[in-house]
Amino acid sequence: MRRSVFTGVLLLALGFGIAELGAGTRNFTASAQQKAETAEVKIDNFSFGPAELTVSAGTTVTWINRDDIPHTVVSTDKVFKSKVLDTDEKFSFTFSKAGTYPYFCSIHPKMTGKIIVQ
Amino acid sequence: MHPFDLQAALLAKHAQHVVLIHFPIALFLAGVAFDFLAQWTKRQSLAAAAYYNFFVAALSTIPVVVTGILAWQWQLEGQRLKGILLQHLVLGSASSLLIWLAWIIHARARRDKNAVLPGYRLLIEVVATAVVALTGHLGGFLSGVNGVG
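Same order as they appear, the protein sequences are chains A and B. Here this note's numbering = 1-based position in the first sequence + 134. Here this note's numbering = 1-based position in the second sequence + 3.
The set of hints was computed from the structure by calculation and includes no laboratory data. Do not take every clue at face value.
Taking lysine-lysine pairs in the DSSO-like style, the calculated list, with each CA pair at most 30 Å apart, reads [what the hints assert, rightly or not]: (1) A:215 x A:231; (2) A:231 x A:212; (3) B:85 x A:224; (4) A:176 x B:85; (5) A:224 x A:176; (6) A:248 x B:116; (7) B:85 x A:217; (8) B:85 x A:244; (9) B:85 x A:212; (10) A:215 x B:85; (11) A:176 x A:215.
Build out the structure end to end from the sequences listed, making use of the hints.
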């Protein structure tokens, strides 16, 4: 009887242990994903794609110029500003605060985009 | 933007460069055509037409160069240029100098009544035409005439 109670408690503890370990792994994974959240905007054929992107706070957005022509990424509200990006060059910015961030290419002001941070 | 909104058009920063550049290009090319015709027909009036075209073309390079430099300083905050932008700047400066040179050669010949226009000017004008064409090609590429920009 005592042995079966002991075995039961041991199995229960083992079960809790495994469950906790699994939860811990999930928490760790979730936290890692939150920290490394990224998004990409492709610049091609004189346009930003996607032109409107919704991300969560803390996300790092990377713009990559896939066009044959130099472009820039400039925030309308002067929050961020890239150098001239030649073909295949990148620019990244981490959005820590919620809000709407319109931007444009200063060489081609008709090229516009928007980042919505939630 | 309203098409007749003058204030908005004037404040559109580097947009003027793209508009103004057409004047020296057209005037210079017309001047070259007159000069070649003058050489072929030996008519002084055509050489005079070339002179006046070169003169106004040279003058109109001033606002073009100024607005180009302002676009660089305002839109790109004077950052170090590379690639197509740098090529456009160098070739544009060379174009302006060659247009002025073509006018100076004509101006010197006109000052002396007995002087004859030197034949080498035509070679300079051909080279200048090629440099102007290349600068314009790069400028058009940059401004996005082939794209949706």
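Hint by hint, here is what the structure shows:
1. Simply put, residue 215 of chain A and residue 231 of chain A have alpha-carbon atoms about 17 Å apart, close enough for the 30 Å limit, and the pair holds.
2. Distance check on the hinted pair: residue 231 of chain A and residue 212 of chain A sit about 14 Å apart at the alpha-carbon level, within 30 Å; holds.
3. Proximity of residue 85 of chain B to residue 224 of chain A is assessed by CA-CA distance (about 16 Å); at most 30 Å being required, the pair is judged to hold.
4. Under the criterion of a C-alpha separation no larger than 30 Å, the hint pairing residue 176 of chain A with residue 85 of chain B is consistent with the structure, at around 21 Å.
5. For a cut-off of 30 Å, the pair hint linking residue 224 of chain A to residue 176 of chain A stands: about 10 Å separates their Cα positions.
6. Distance hint between residue 248 of chain A and residue 116 of chain B is unfulfilled; the C-alpha atoms sit about 65 Å from each other, more than 30 Å.
7. Using a Cα cut-off of 30 Å, the hinted pair residue 85 of chain B and residue 217 of chain A holds, with the two alpha carbons roughly 11 Å apart.
8. For a cut-off of 30 Å, the pair hint linking residue 85 of chain B to residue 244 of chain A stands: about 22 Å separates their Cα positions.
9. Of the pairs offered as hints, the one joining residue 85 of chain B and residue 212 of chain A holds, with about 24 Å between alpha carbons and a cut-off of 30 Å not exceeded.
10. Proximity of residue 215 of chain A to residue 85 of chain B is assessed by CA-CA distance (about 18 Å); at most 30 Å being required, the pair is judged to hold.
11. Proposed proximity of residue 176 of chain A and residue 215 of chain A is supported: the alpha carbons are some 16 Å apart, at most 30 Å.
Checked against the numbered hints given earlier, the structure breaks only hint 6 and satisfies all the rest.
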